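Q: Sequence:
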Amino acid sequence: MSVLFVDGWFGPDPGDWQSVWAERLHGSSRVVQDDWERPERDGWVARLDQAVAALAEPPVLVGHSLGVLTVLHWVATGAVRPARGALLVTPADVEENQEPAIAGFGPIPRGRLPFPSSLAASANDRWMSPARAEYFAAQWGSECVSIGEVGHLTGAYGPWPDGEPLLAKLTA
Numbered sequence: 002m003s004v005l006f007v008d009g010w011f012g013p014d015p016g017d018w019q020s021v022w023a024e025r026l027h028g029s030s031r032v033v034q035d036d037w038e039r040p041e042r043d044g045w046v047a048r049l050d051q052a053v054a055a056l057a058e059p060p061v062l063v064g065h066s067l068g069v070l071t072v073l074h075w076v077a078t079g080a081v082r083p084a085r086g087a088l089l090v091t092p093a094d095v096e097e098n099q100e101p102a103i104a105g106f107g108p109i110p111r112g113r114l115p116f117p118s119s120l121a122a123s124a125n126d127r128w129m130s131p132a133r134a135e136y137f138a139a140q141w142g143s144e145c146v147s148i149g150e151v152g153h154l155t156g157a158y159g160p161w162p163d164g165e166p167l168l169a170k171l172t173a
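First residue of the sequence shown: 2, per this note's numbering; consecutive thereafter.
A couple of the hints might just be wrong.
What the hints assert, rightly or not - Estimated spans, in silico, between C-beta atoms of each pair:
(1) E58 to Q99: 37 to 43 Å
(2) A77 to A132: 19 to 25 Å
(3) A169 to G142: 31 to 37 Å
(4) R25 to E58: 17 to 23 Å
(5) R25 to L56: 15 to 21 Å
(6) N125 to D35: 30 to 36 Å
(7) P160 to V33: 30 to 36 Å
(8) D43 to Q140: 20 to 26 Å
Hints were generated in silico from the structure; no laboratory data involved. Quick caveat, the model's predicted, so the values are computed rather than measured. Positions of the beta carbon are idealized from the N, C-alpha and C atoms, including for glycine.
Between the sequences and the hints, there should be enough to build the whole structure, so can you do that?
A: Laid out in structure tokens, this is it:
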């Protein structure tokens with residue numbers, strides 16, 4: 002089973018949950034962006050498409066923050082490469098948060114995803130409110146899972162073992 006991690010703004014951190022999971026999951030890989038600090042939507046989407054194309058089988062995508070929006074824009078471009086599913090973790094709401102450096106990822110695509118997906122929503126995420134998470138989950142046809150008060154699940158949060166069953170459900 003291929004698992005492809007799609008990190009958000011500023012990229013991976015050695016102690017973050019994505020890095021911990023990627024180390025443990027045999028056959029997993031990560032999208033590597035050209036510039037983690039100055040994200041550019043079309044470039045990030047192209048790198049995701051290249052990473053999916055390099056895999057031998059359709060992956061389960063694990064997107065975090067701006068990585069979730071990268072997945073959504075990839076689908077919206079009519080990407081012809083298949084994915085098996087997606088775990089969408091604490092998406093960045095670029096419509097409600099006016100951060101100039103990532104404004105180019107708006108508007109957030111609406112529309113049902115062509116694969117099974119779960120949106121992991123934090124009760125105290127400054128980047129997306131629980132109400133907006135529920136709204137977007139409905140738009141994307143995703144299961145919305147409340148993961149408690151975990152903030153935005155940045156690198157400072159650590160391994161996040163409670164999220165592993167969400168991924169296991171999509172890889173089963």
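Q: So, for every hint listed, does it hold in this structure?
A: Going through the hints against the structure:
Distance hint check: the CB atoms of E58 and Q99 are about 39 Å apart, consistent with the given range 37 to 43 Å. Between A77 and A132 the C-beta distance comes to about 23 Å, which sits within the given range of 19 to 25 Å. Evaluation of the 31 to 37 Å hint for A169 and G142 yields a failure: the beta carbon distance comes to about 20 Å. For R25 and E58, the Cβ-Cβ distance of about 19 Å falls inside the hinted range of 17 to 23 Å, so the restraint holds.
At about 18 Å, the CB distance of R25 to L56 agrees with the hint of 15 to 21 Å. At roughly 32 Å, the beta carbons of N125 and D35 sit within the given window of 30 to 36 Å. For the pair P160 and V33, the supplied restraint of 30 to 36 Å is violated, since their beta-carbon distance comes to about 22 Å. For the pair D43 and Q140, the beta carbons lie near 22 Å from each other, so the given range of 20 to 26 Å is met.
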